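Assemble the whole structure, with the sequences as input and the hints as a guide.
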Amino acid sequence: MIDVSVIIVSWNTRELLGRCLKSLFEQTHGVSFEVFVVENASSDDSAEMVRSEFTQVNLIANDANLGFARANNQAIAEAKGECVLLLNPDTELIDDGISNLVAVARKHPEAGIVGGKILNPDRSIQASVRRFPTLCSQVLITLKFHHAFPDIPCLRRYFANDVNPESEQSADQVMGAFFLISRQALNIVGTLDERFFIWFEEVDYCKRVVNAGLKVLYTPVAQVVHHGGESFAQVFALKKQKMFNASLAKYMRKHFGRRAWLAIQILRPVSLLLAWFSGFVHG
1 MIDVSVIIVS WNTRELLGRC LKSLFEQTHG VSFEVFVVEN ASSDDSAEMV
51 RSEFTQVNLI ANDANLGFAR ANNQAIAEAK GECVLLLNPD TELIDDGISN
101 LVAVARKHPE AGIVGGKILN PDRSIQASVR RFPTLCSQVL ITLKFHHAFP
151 DIPCLRRYFA NDVNPESEQS ADQVMGAFFL ISRQALNIVG TLDERFFIWF
201 EEVDYCKRVV NAGLKVLYTP VAQVVHHGGE SFAQVFALKK QKMFNASLAK
251 YMRKHFGRRA WLAIQILRPV SLLLAWFSGF VHG
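When the letters of the sequence shown are read in order and numbered with this note's numbering, they come out as residues 1 to 283.
To be clear, the hints were calculated from the coordinates, so they are not data collected in a lab.
Hints are supplied without guarantee of correctness; some may be wrong.
When the alpha-carbon atoms are kept at most 20 Å apart in a straight line, the in silico DMTMM-like pairs for lysine to aspartate or glutamate are as follows [to be verified]:
no., residue 1, residue 2
1, LYS107, ASP193
2, LYS107, ASP151
3, LYS207, ASP172
4, LYS254, ASP172
Keep in mind that this is a model prediction, so the values were computed, not measured.
This is how it looks when you write it as structure tokens:
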């Protein structure tokens, strides 16, 4: 069996995708791996770049943007790895990050998910560990209170600013940009929930893994540089807010029930107005 199957879902990130793939092949040693790129109908010739420059990659070229969860599941269905790594196209591998992540996963068979340290382009630490959402935290985020009042207790707990990024530890959720799933977790929990088009699919998967009795683990020994949100930087703020709201509502209905879902639905118009205003102010 191959040690790890790496899956990259791409949408209009041609240059970053090329850098990601180049770093992957240059910086991965000591493990056997296969690479899938699932191309979600980009308009920047990303698929042609992969075909011509990275012939060793398994390319799945979709005719439409199927979203993050469904696109990953397409490759998971074909993956032969002992574990599966979901990797963002706007990341760059450094210091043998994949091999280190696989080594930690093997050391901790109780972990269904392992996430590594995420770095900004300047090598500062990017927050990548959070606790599970609560209705309180998500209502306040929907109303943008986290920008002005970050010390509200439920927000402080959600953003997990007390977590030491230099310490290996169990977590509620880790960022989906560098997200290793064990074969055991796939066998027990299944694949990503395709009802989430974008956002909350990895949060939901972490929740399902923990509910199944497995652990989510964060480790600082495996690192990746993350340029952060490049695909959706191309989407207008109002449209992004609509997509975020839709995924949040699905998550709340699934894990908290109809009342929590209704609370988020009621706040949708306010959140869209705030997003429109933010987009207008920032041009």
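Evaluated hints:
| no. | hint | verdict |
| --- | --- | --- |
| 1 | LYS107 with ASP193 | violated (28 Å) |
| 2 | LYS107 with ASP151 | violated (36 Å) |
| 3 | LYS207 with ASP172 | holds (7 Å) |
| 4 | LYS254 with ASP172 | holds (17 Å) |
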